[in-house]
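S.K.: In order, the protein sequences belong to chains Y and V.
If you read the first sequence in our numbering, its first letter stands for residue -1, the second for the next number, and so on.
If you read the second sequence in our numbering, its first letter stands for residue 517, the second for the next number, and so on.
Honestly, the hints are just simulated from the structure, not real lab data.
Note that the Cβ used here is the ideal one computed from N, Cα and C, for glycine as well.
Hints are supplied without guarantee of correctness; some may be wrong.
Said to hold, decoys possible - Derived BS3-like pairs: lysine-lysine, alpha-carbon spacing no greater than 27 Å straight-line:
#1 Lys296(Y) / Lys523(V)
#2 Lys374(Y) / Lys526(V)
#3 Lys338(Y) / Lys533(V)
#4 Lys395(Y) / Lys523(V)
#5 Lys296(Y) / Lys526(V)
#6 Lys576(V) / Lys282(Y)
#7 Lys526(V) / Lys338(Y)
#8 Lys571(V) / Lys374(Y)
#9 Lys338(Y) / Lys571(V)
#10 Lys385(Y) / Lys533(V)
#11 Lys206(Y) / Lys526(V)
#12 Lys576(V) / Lys385(Y)
#13 Lys288(Y) / Lys576(V)
Claimed, not checked - Selected chain V positions facing chain Y (Cβ under 7 Å, derived; list incomplete):
#14 Ala537
#15 Leu565
#16 Met587
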Amino acid sequence: MNTDAENKKIGVFICHCGGNISDYVDVEKVRDVIKDEKGVVFAKTNMFSCSDAAQQEMIRAIKENGLDGIVIASCSPRLHLQTFRAMAERAGLNPYRYTQVNIREQCSWAHTHNRQAATEKAVRLVRSGVARTRLAIPLQEIRVDTTPGVLIIGAGAAGLRSAIALADMGLKVYLVERSPEPGGFIKGLGRLFPDDRDGEEMAHSLSKAAIEHENITLFTEAEVVEKGGSVGNFLIKVDIKGQNPASFNVGAIIVTIGFSPYTPKNGEFGYGIKGVITLPEYKKLLAKQKRGVEYAGKTVRSIVYIYCVGSRQSAGDDRYTYCSRYCCASAVHTAILAHKLDPHISQFHIYRDIRTYGKYELLYTRALEADSLFLKYDPDEPPTVEKTNEGLLVRVKDRLTGNEEIEIGADLVVLVTGMTPGKGGRLSGILKIPIGKDGFFTEIHPKLRPVETVMNGIFIAGTAQGPKTLSESVTSSLAAAAKAAGLLLKGHVDIEPLVAKADADICTWCGACVPACPFDAIRQVEIKDKKIAGINPAACKGCGACVPACPKRAIDIEGYTDAQIRSMISAMAREAK
Amino acid sequence: MQRLDIKFSKEIGSYDKFNAAQCFNCGTCTALCPMGINILPRILFRYVLMGMKDKLMENKDAIYSCLLCRMCEDNCPEGVRIAENIRVLRRYIGRHVYGL
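Construct all of the structure, not just a fragment, from the sequences and the given hints.
M.R.: Right, dumping it as structure tokens:
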């Protein structure tokens, strides 16, 4: 195949996209202009380039014309980049010698009012695509061997469950827990919704299974302090209380550090007054009771629950504006448990909105049947709690009766508290994974890549990602386990070769590129006694931040070299010259 | 300011089958009521559920204005037996207030 830019044979395929493109861009005209472009030996329009038939035709055209590169002017690369790369490969063409030009989102859809101008723009876009392809060199995916081990940070329900899953698949698991015992939040909480299983028992059986598993190494009172390397081969250092630090290699990392329950401020809904407790405190209290509900030695006859404490708050220093999702169902379920302990107990739920979604709606109905009474409050006029001679008194305006002012005498006030981000300490700095606006770790895409982070090989699961119920937490932890295993069981990962590369002849190692790199991918290396910038292709994301930082212009991004970008600009601006 | 006393609703509940807990306050019943009394029947029922006996007694007229036409009941998405509940309230008032 020809690598000389001057003699490259390039094929161009322009897509109608049904009418998505051709309604606003004269695709035939684009083809007529482009077919005379330097290097273009074949130009054709397709009704749907992505269709099987069109792909077959393109493969034939590549083979028959001995094409060195192709340009497909169609939709967004997000949609069909992989489709056409695979097609190029089937035709025996290096997939990195194919350029996709977006004339749908970036042209036809954007300029529906002006067919002529849209057509002219399409010509320029395709021309620049041709220019880039002329300079394209074949690239190979970077293959990195992987270490068959996984680091899991946090040994709560999510961490333990994913550890067991991965260990069962034959991978070595290092489980790092900050507290002295594994088990996490569910320990001691008593029966949990929706199936009434005991939290203590679940935490115990998960911990036992993990501890006894030959593939799992558990570190308690330990903390990850250093992470080196990149996907497939991370080097981890863990500090362990009272022991020497441990170092080991893993191929992937799963973060399941969980959450912290919201602690109300002193005086917030009466918190601090005796008898005003949070939902986790109340659940721990109930877990110990056999018959009836007792608090501080007295029988409880009336309980008031106040919802959305530490969730959906718009004011204050700690802004927890999101809904914590689990608390409504948990409170309603706990009310059912209290009713079982004492059917004569009066229970009042003061809520803003009830979100017992999915199967948990049944819990709400069961609570109603168990004589729970629900009163809706206005966030502008929240309920107040005070201590009187008769006991606790809750005042609230009930919206459902048109703001009737109501007093409720209570023996116990339960503040239904939400989830706040887990205390990861320096973890986000060490792992370099992003934190969202609510303070939890964020995934790449909530629907399509729900447990992956922007750092290759680092996954997040459970409530480290945001408020979740226990079952959602475990579901996501198993998803993360599947992702990590999918990465490691193959023994290697293939990484896109569109990464930065420093020219050893030009680079003089000034180090200016190091602070520019957001992914910690650049280190000083020595080649033939010369110090230069070594870029770890497995850590590099090809973002290009290092390119302008280099005073010698020694760094290029493969597939987007300076020469390619310059030629694209020239091609676009040809008439302007 | 009214003090809630769930005992009262339990009293009515045990006195006869009063069902209104499943009401989710959609307001369909009130909108359909030919008598156009806006506390009928959902707010009235909430007074019972919350044990606001005084409020209930203040609204005796509304309780006796109901035509028992069942238009509300037929259209209640939660299947609250509205007309029967009104009868329960009338029986309670008849017995406890008028000594019938």
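S.K.: Take the hints in turn and mark each one as holding or not.
M.R.: Do the hints match the structure? See the list:
1. Lys296(Y) / Lys523(V): Within the cut-off at roughly 20 Å; holds.
2. Lys374(Y) / Lys526(V): holds (21 Å)
3. Lys338(Y) / Lys533(V): It holds: about 22 Å lies between the C-alpha atoms, which stays within 27 Å.
4. Lys395(Y) / Lys523(V): The given pair, whose Cα atoms are some 20 Å apart, holds under the 27 Å limit.
5. Lys296(Y) / Lys526(V): holds (23 Å)
6. Lys576(V) / Lys282(Y): violated (45 Å)
7. Lys526(V) / Lys338(Y): This hinted pair holds, its Cα atoms lying about 17 Å apart.
8. Lys571(V) / Lys374(Y): With Cα atoms ~19 Å apart, Lys571(V) and Lys374(Y) stay inside 27 Å; holds.
9. Lys338(Y) / Lys571(V): Not satisfied, since the Cα-Cα distance of roughly 31 Å exceeds 27 Å.
10. Lys385(Y) / Lys533(V): violated (36 Å)
11. Lys206(Y) / Lys526(V): Given that 27 Å is the threshold and the Cα spacing comes to 47 Å, the pair is violated.
12. Lys576(V) / Lys385(Y): Violated, because 35 Å separates the two Cα atoms, which is more than 27 Å.
13. Lys288(Y) / Lys576(V): violated (44 Å)
14. Ala537: With a closest approach of 5 Å, the Ala537(V) hint holds.
15. Leu565: holds (6 Å)
16. Met587: violated (22 Å)
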